[in-house]
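The residues making up each chain are set out below.
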Amino acid sequence: MLSSSLVMFACAVLPLALLLLGLLRLRWSAPKAGAVAWLSAMLVALLVFGSNPVSLALSNAKGMSLTLFVALIIWSSVFLYNLVENSGAVKAISARVTSLVKEPLLQCLLLAWCVSGFIQGIAGFGVPVAIVAPLMLVVGFSPITAAVATLVGHAWSISFGSMAASFYTLTLVTRLPGNEAAFWMGAMLFAPTLLSGFAVAHIYGGLDAVKKGAPAILLIGIAMGGTQWLVPALGAPQVGAILAGLAGTIVTVLVSRLGLVKEEAREQAKGTQQTAQMGEKLAFLPYYVLVTLTLFVQIPFVKSVTGHLKFGLSFPQMATSLGYVVSAERAYAAIGLLSHPAPLILLSAFAAFLAYRITGNLRPGGLASAAAITYKQCVPTTVSIASMVMMALVMNDSGMTSSLAQGVASATGRLFPLFSPFIGVLGCFMTGSNTNSNVLFGAFQVETAVTLGISTRIMAAVQSAGGSLGSAIAPAKVLIGSTTVGLSGKENSVMKKAIPYCVAIVAVVGAIAWLSAYVLFPKVL
Amino acid sequence: MAKRTKSFCLNMSLALILLAYPLFYVGGISPDSRLHLLAFAPALLACAITIRFC
Chain A
1 MLSSSLVMFA CAVLPLALLL LGLLRLRWSA PKAGAVAWLS AMLVALLVFG
51 SNPVSLALSN AKGMSLTLFV ALIIWSSVFL YNLVENSGAV KAISARVTSL
101 VKEPLLQCLL LAWCVSGFIQ GIAGFGVPVA IVAPLMLVVG FSPITAAVAT
151 LVGHAWSISF GSMAASFYTL TLVTRLPGNE AAFWMGAMLF APTLLSGFAV
201 AHIYGGLDAV KKGAPAILLI GIAMGGTQWL VPALGAPQVG AILAGLAGTI
251 VTVLVSRLGL VKEEAREQAK GTQQTAQMGE KLAFLPYYVL VTLTLFVQIP
301 FVKSVTGHLK FGLSFPQMAT SLGYVVSAER AYAAIGLLSH PAPLILLSAF
351 AAFLAYRITG NLRPGGLASA AAITYKQCVP TTVSIASMVM MALVMNDSGM
401 TSSLAQGVAS ATGRLFPLFS PFIGVLGCFM TGSNTNSNVL FGAFQVETAV
451 TLGISTRIMA AVQSAGGSLG SAIAPAKVLI GSTTVGLSGK ENSVMKKAIP
501 YCVAIVAVVG AIAWLSAYVL FPKVL
Chain B
526 MAKRTKSFCL NMSLALILLA YPLFYVGGIS PDSRLHLLAF APALLACAIT
576 IRFC
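Top line first, the protein sequences correspond to chains A and B. First residue of the first sequence? That's 1 in the working numbering, and the numbers climb one at a time after it. First residue of the second sequence? That's 526 in the working numbering, and the numbers climb one at a time after it.
The hints are simulated quantities; they were obtained by calculation from the structure and are not laboratory data. Source: prediction; values computed, not measured. Incorrect hints may appear among the rest.
What the hints assert, rightly or not - BS3-like mimics (lysine-lysine), calculated; alpha carbons at most 27 Å apart, straight line:
no. : chain 1 : residue 1 : chain 2 : residue 2
1   : A       : Lys102    : A       : Lys211
2   : A       : Lys211    : A       : Lys262
3   : B       : Lys528    : A       : Lys490
4   : A       : Lys376    : A       : Lys490
5   : A       : Lys497    : A       : Lys376
6   : A       : Lys212    : A       : Lys496
7   : A       : Lys376    : B       : Lys531
8   : A       : Lys496    : B       : Lys531
9   : B       : Lys531    : A       : Lys102
10  : B       : Lys528    : A       : Lys496
11  : A       : Lys212    : A       : Lys490
12  : A       : Lys211    : A       : Lys497
13  : A       : Lys102    : A       : Lys262
14  : A       : Lys490    : B       : Lys531
15  : A       : Lys281    : A       : Lys102
16  : A       : Lys212    : A       : Lys102
17  : A       : Lys523    : A       : Lys211
Isolated chain A, as found in the complex:
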């Protein structure tokens, strides 16, 4: 029995191992690594986990639904960026950001750590990465710094981001009381919030930047981590990340004004050396429109009127021959007319097109040129996402992911809390979503906590913290970050650089979880 579980665990690891080996060691392109991993997942599901062609087809169709959901965000945000770039608005945006906060390290922290967290609070679904990474490029950071800093820098805000979708999902699947779960989740995210600031500084300029920025990072981090702890605990989890990102932005500007970080000259990107031709309000217009539209669609009346305008396929219940059952899904990964980010981003792009065209900032043919560049950039990304997401869904629906998690739990025993956040990371890595990770493993983590006699609240919070931090290395997010800064085809470099930061921060969460569960708060339910 034990050896059969071990064989199943080893087989379940195979697709993930092939994906990581291909991307990080063999330097395959993301589409090739994804295709190999997907093929291996289907073979393992068929030969070892008792799947059949019908359930495999359904899992792949689910994967395609999820791919469509993610790819629409990527295509629309890359198109918006290319349109803004073609109009010359990037120079004005860069000029504004550099005038608000002059020190490059603080600019990096402001954009990758605070603003990305604020946007995650409103939109999520990869939008912060898609918007902030290219903005950082505009301001003058290198593509790799822009992509990795944004990926690592926004990961603290995901559990309470997207109007706390991941948090609410966790409370639904675990049936834990909302206020207590919110308190512990805020507590478990406090250290990662601070640490992700230090990670962003390290990504920007190594240990020197960490030392130089330490006082500022502590102040900003305490403001953000404290807000994200306090606000949800007081009963408003849906605005936890928004207010935390806002608090961080305000403190960063204050820190800059007070001169807490010594100013230093930096070689600016070509675009930023020239005088901006366009006014800043016009330049920022698409982003103002995007934020306004995002807030507008959160109004309950608008939600109720447009809520039914969505497309999503429904899937029947399925089971493997080994008895692993997957529930039926209604309107899986549904794309809402106003609840999905892509229509809002495209409306913002349309507003930008009109404004830039009327004011003569966008030359004739600028729109077509932006569309052509977008197509060229996004095709490889879409092929990669499709194969990786289909692999993840095949693994989830055949019981491979569950087998992986159970293997970790049974192998670790009392040390489980140390590894528990890595299970959250695994869920996010597979699906590109903190919410989906919580759906996959939330109940499992709570059940394991009950078996071990430790706090279910703490372990549920640790699951979500892991799922949140796993966003930094989830292939779907890495592909978004890489594509939007022009590093399509070099996703392996981005992922390779992001992994150590993610692992280090998650390991700290694991240590805090173990201490909390066994030493500090053993009596918490």
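Following the hints, complete the assembly by docking chain B onto the known chain A.
Same frame as chain A, now just chain B:
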């Protein structure tokens, strides 16, 4: 490999994957076992093209 060949193959893979989406769904919910297998044809072809040429 020529950049144009790689680009063509990526476009071909994307087209096949887009074709595979409805086929997977219809194949999955259909009682006809021939459709189950047909659903995999374009996706496996896309997979082969991607592994060999991309």
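Hint by hint, here is what the structure shows:
1. Under the criterion of a C-alpha separation no larger than 27 Å, the hint pairing Lys102(A) with Lys211(A) is consistent with the structure, at around 18 Å.
2. Simply put, Lys211(A) and Lys262(A) have alpha-carbon atoms about 12 Å apart, close enough for the 27 Å limit, and the pair holds.
3. Between Lys528(B) and Lys490(A), the direct Cα distance comes to roughly 15 Å. Compliance with the 27 Å bound is thereby established for this hinted pair.
4. Restraint check: the Cα-Cα separation between Lys376(A) and Lys490(A) comes to about 15 Å, which is no more than 27 Å; the hinted pair holds.
5. A threshold of 27 Å between alpha carbons decides the hint, and for Lys497(A) with Lys376(A) the separation of about 25 Å falls inside it, so the pair holds.
6. For the suggested pair Lys212(A) and Lys496(A), the alpha carbons sit about 25 Å apart, so the restraint of at most 27 Å is met.
7. For the given pair, Lys376(A) sits about 12 Å from Lys531(B) by alpha-carbon distance, which is consistent with the 27 Å threshold.
8. Taking the CA atoms of Lys496(A) and Lys531(B), the gap is about 24 Å. The hint holds against a cut of 27 Å.
9. With a CA separation close to 43 Å, the supplied pair Lys531(B) and Lys102(A) exceeds the 27 Å bound.
10. Of the supplied pair hints, the one linking Lys528(B) and Lys496(A) holds, its CA atoms being roughly 25 Å apart against a limit of 27 Å.
11. Annotation: proposed proximity of Lys212(A) to Lys490(A) is violated, straight-line Cα distance about 30 Å (limit 27 Å).
12. Taking the CA atoms of Lys211(A) and Lys497(A), the gap is near 20 Å; set against the 27 Å cutoff, the hint holds.
13. Distance hint between Lys102(A) and Lys262(A) is fulfilled; the C-alpha atoms sit about 10 Å from each other, no more than 27 Å.
14. For the proposed pair Lys490(A) and Lys531(B), the alpha carbon gap of about 15 Å is at most 27 Å, so the pair holds.
15. As the CA atoms of Lys281(A) and Lys102(A) are separated by approximately 19 Å, the hinted pair is consistent with the 27 Å bound.
16. For the hint linking Lys212(A) to Lys102(A), the alpha-carbon distance of about 15 Å falls within 27 Å, and the restraint holds.
17. Under the criterion of a C-alpha separation no larger than 27 Å, the hint pairing Lys523(A) with Lys211(A) is inconsistent with the structure, at around 38 Å.
Taken one by one, the earlier hints fail for this structure at numbers 9, 11, 17, listed in ascending order.
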